[in-house]
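Protein chains in written order, with our numbering: chain A, 1 to 293; chain B, 1 to 353.
Derived by calculation from the structure, the hints in this document are not laboratory data. Take the hints with a grain of salt, since some may be wrong.
[As the list claims (entries may be wrong)] Here are the in silico distance ranges between beta carbons for each label pair:
no. : chain 1 : residue 1 : chain 2 : residue 2 : range
1   : A       : 122       : B       : 22        : 51 to 59 Å
2   : A       : 52        : B       : 80        : 46 to 54 Å
3   : A       : 33        : B       : 224       : 52 to 60 Å
4   : B       : 66        : A       : 153       : 39 to 47 Å
5   : B       : 20        : A       : 119       : 40 to 48 Å
6   : B       : 208       : A       : 28        : 53 to 61 Å
7   : A       : 151       : B       : 51        : 40 to 48 Å
8   : B       : 130       : A       : 276       : 32 to 40 Å
9   : B       : 160       : A       : 43        : 42 to 50 Å
[Claimed, not checked] Which chain A residues stay away from chain B? Per the calculated CB distances, all over 12 Å, these:
no. : residue
10  : 19
11  : 25
12  : 47
13  : 60
14  : 62
15  : 84
16  : 92
17  : 94
18  : 223
19  : 242
20  : 274
Bear in mind the structure is a predicted one, so any value in this text is a computation, not a measurement. All C-beta atoms, glycine included, are put in the ideal place defined by N, C-alpha and C.
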Amino acid sequence: MKTETLSTDPFPADGETNAIRWHRYRERYVDWCTIGFCILGGLLVGITVLAIANIASAELADPAHLIEVAATSEVVHSILLTFGAGASAVLLLILFGTPLAYVLARSRPSRFKGVVESIVDIPLILPHTVAGLLVYLLFMRRGWLGAPLSEIGLAFEDALPGTIVAMLFVASPFYVNSMREGFEKVPVHLENVARTLGAGTFTAFRTVTLPLSLRHMYSGAILAWGRAIGEFAGVIMIAYYPFIISTLIYYSFTTDGIHTSRSIAFTVILVSFGVFYLLRRMTRFMGRYDDRV
Amino acid sequence: MIAFDRVSLSLGSFHLKDVSLKIGKGDYYFIVGPSGAGKTVLLEAIAGLHLPDSGRLLLRGSEITALPPEKRKVALVYQDYSLFPNMRVIENVSYGLRVQGMGKKEAHREVAPLLERFGIAHLADRYPGTLSGGEQQRVALARAVAVKPDVLLLDEPLSALDPVTQEKFIADLKRLHREDGLTIVQVSHSRREAHLLATRVAVIIDGTLVDEGEADVVLNTPRSREVAAFVGIENILDGSVTANEGGLATMDVGGRAVEAVTDAAVGEEVTLCIRADDVVLAVGDGPQSSARNTMAGTVVSIAENGPVAEVRVDAGITLTAVLTRRSVRDLALAPGTAVTLSVKATAVHVIRG
Numbered sequence: 001m002k003t004e005t006l007s008t009d010p011f012p013a014d015g016e017t018n019a020i021r022w023h024r025y026r027e028r029y030v031d032w033c034t035i036g037f038c039i040l041g042g043l044l045v046g047i048t049v050l051a052i053a054n055i056a057s058a059e060l061a062d063p064a065h066l067i068e069v070a071a072t073s074e075v076v077h078s079i080l081l082t083f084g085a086g087a088s089a090v091l092l093l094i095l096f097g098t099p100l101a102y103v104l105a106r107s108r109p110s111r112f113k114g115v116v117e118s119i120v121d122i123p124l125i126l127p128h129t130v131a132g133l134l135v136y137l138l139f140m141r142r143g144w145l146g147a148p149l150s151e152i153g154l155a156f157e158d159a160l161p162g163t164i165v166a167m168l169f170v171a172s173p174f175y176v177n178s179m180r181e182g183f184e185k186v187p188v189h190l191e192n193v194a195r196t197l198g199a200g201t202f203t204a205f206r207t208v209t210l211p212l213s214l215r216h217m218y219s220g221a222i223l224a225w226g227r228a229i230g231e232f233a234g235v236i237m238i239a240y241y242p243f244i245i246s247t248l249i250y251y252s253f254t255t256d257g258i259h260t261s262r263s264i265a266f267t268v269i270l271v272s273f274g275v276f277y278l279l280r281r282m283t284r285f286m287g288r289y290d291d292r293v
Numbered sequence: 001m002i003a004f005d006r007v008s009l010s011l012g013s014f015h016l017k018d019v020s021l022k023i024g025k026g027d028y029y030f031i032v033g034p035s036g037a038g039k040t041v042l043l044e045a046i047a048g049l050h051l052p053d054s055g056r057l058l059l060r061g062s063e064i065t066a067l068p069p070e071k072r073k074v075a076l077v078y079q080d081y082s083l084f085p086n087m088r089v090i091e092n093v094s095y096g097l098r099v100q101g102m103g104k105k106e107a108h109r110e111v112a113p114l115l116e117r118f119g120i121a122h123l124a125d126r127y128p129g130t131l132s133g134g135e136q137q138r139v140a141l142a143r144a145v146a147v148k149p150d151v152l153l154l155d156e157p158l159s160a161l162d163p164v165t166q167e168k169f170i171a172d173l174k175r176l177h178r179e180d181g182l183t184i185v186q187v188s189h190s191r192r193e194a195h196l197l198a199t200r201v202a203v204i205i206d207g208t209l210v211d212e213g214e215a216d217v218v219l220n221t222p223r224s225r226e227v228a229a230f231v232g233i234e235n236i237l238d239g240s241v242t243a244n245e246g247g248l249a250t251m252d253v254g255g256r257a258v259e260a261v262t263d264a265a266v267g268e269e270v271t272l273c274i275r276a277d278d279v280v281l282a283v284g285d286g287p288q289s290s291a292r293n294t295m296a297g298t299v300v301s302i303a304e305n306g307p308v309a310e311v312r313v314d315a316g317i318t319l320t321a322v323l324t325r326r327s328v329r330d331l332a333l334a335p336g337t338a339v340t341l342s343v344k345a346t347a348v349h350v351i352r353g
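Just chain A, same shape as in the assembly (with noise of 0.2 Å):
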């Protein structure tokens, strides 16, 4: 016991030796590298954290407004289709955006794949209101692609459609790239393995590079569909209404003023943190494998 109580104690009392039993502790238990980084990086988190302490020391003064506002059909409406719309993004980017991430992971260093992969990054480096002025220039009841489709009955302006084409125009780059990612994480080695036992190329795909980068899809899904619920300025281009959540605060902010936006704003802050950290928790379980190849 009295082992114990010298060796963890940095500071025992007596006199000369303290010094030297101090800075023996510090070399062995502290690495002022690693403080450094926790202060600087804490700083990042603290701002997030106080801005969400600011809005919910208000919020949370008047609770009966807070859960007011939030039981509103308009407001469950609005995060349901926000979150709907966002997952038909997602699920349009899977299926669109998985070949062409394989495409540009297993294709050789070349011109034409720098100008494709500039191409897919575009929705990252353009100003918000810029892609969405893309978005509604191309799927306008005039646009090149609205044209027609609104012929066939798929109308994009101030309609579901038109937003989810527009959340999937901005989270693409977010998950093509982390699959992409993923892709050129296995090597190239296994497929051929698997091609010369006896499957196809699509075969080869299905059965090993996929379920090899499942962590990737997972996680790009996520990103993106982060990304997705929460664009305005792409949205707003294209259908103000029906009301995403953001679109909804916009409104709430310049009709009922701050009182109401805020609480919506933290109803939605409540929810995404919940849903985000449930999806955060469950990539513990993907794609185990991945660390092996």
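Based on these hints, arrange chain B on the given structure of chain A.
Chain B alone, transformed into the frame defined by chain A:
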């Protein structure tokens, strides 16, 4: 069985140039060469993973140049084993049968004897990440054999194994070749592996096929100086023919006369190859022998390597001899010891031109 007819192939900055070779049914064919020579590309071309820029590939007499890998009936085992990490051992081994349409239960039943044969039955439910290198290698081999390929392609399968596991695996490969009559094509940079396993050998250097033929011939009587260096001939000397009497030529090598059996004409520049195994050492003047080349010299250095030792002797020209460590001890050899070295004229391989 497999024929390359003037095959050329480019992959980025690497070029396989105009390769022609034939691999017969039942051959244990070695493709050897230094790192980056194009051995694996050649192997992958057989598997159909690279399309040649020109030339033809034939399998069983039919052209397969553009035939996809899944239709070639060749199985490939990579140096890194390339087991599917998301599948258990049994699923890895039965993968080929499953993708060819066999049901899960039937495929598992089918591969059960293979698991027994390769001593991996007890690992059936384990994932590759939990296996040792030797176990992974056996699983990879079982997976390749499970699809009953016409040709088994092995890409440096022994390089990542420890010496004990290597010996076991070499025995497995010998058995597989002998008992199953499989045609095996193996890429390697190890002369020892080629000596132990190969029936035929191709030497590829910098994308070019520089020698090809029976294993003993290529390994012991190489066609060029670079092949001789690669296949590990310890003594490579330049000389010129000074006399030739009915095929027994005398050559001047650094001022010493060396005799060898060759048709090289007087005045011709030649390269002499002498295996260190063929150099015999005796202390002092040594006993009389029938060897045509006998030279006095002194030991320069002795490098021990396992049960043998490489002894370098300066006899006007420097030659390396391989002796057992016991011989080194019995002869009390040490740097500076005066010795007589002898080499039979028939043990000197002459490369002309």
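Structure-based check of each hint:
1. A/122 with B/22: 51 to 59 Å: Taking Cβ atoms as reference, residue 122 of chain A and residue 22 of chain B lie about 53 Å apart, which means the hint holds.
2. A/52 with B/80: 46 to 54 Å: holds (48 Å)
3. A/33 with B/224: 52 to 60 Å: holds (57 Å)
4. B/66 with A/153: 39 to 47 Å: This hint holds: roughly 45 Å between Cβ atoms.
5. B/20 with A/119: 40 to 48 Å: For residue 119 of chain A against residue 20 of chain B, whose Cβ atoms are near 44 Å apart, the range 40 to 48 Å holds.
6. B/208 with A/28: 53 to 61 Å: holds (60 Å)
7. A/151 with B/51: 40 to 48 Å: holds (44 Å)
8. B/130 with A/276: 32 to 40 Å: holds (33 Å)
9. B/160 with A/43: 42 to 50 Å: With a Cβ separation near 47 Å, residue 160 of chain B and residue 43 of chain A satisfy 42 to 50 Å, so the hint holds.
10. 19: holds (49 Å)
11. 25: holds (39 Å)
12. 47: Non-interface label on residue 47 of chain A holds, nearest chain B Cβ at 40 Å vs cutoff 12 Å.
13. 60: Fine: 47 Å to the nearest Cβ keeps residue 60 of chain A off the interface.
14. 62: holds (52 Å)
15. 84: holds (32 Å)
16. 92: holds (26 Å)
17. 94: holds (19 Å)
18. 223: Residue 223 of chain A is indeed farther than 12 Å from all Cβ atoms of chain B, at 23 Å.
19. 242: The claim holds: residue 242 of chain A sits with its nearest Cβ about 41 Å from chain B, beyond 12 Å.
20. 274: Its Cβ never comes within 12 Å of chain B, the nearest being 31 Å, so this holds.
The structure is consistent with each of the numbered hints, conforming to all of them.
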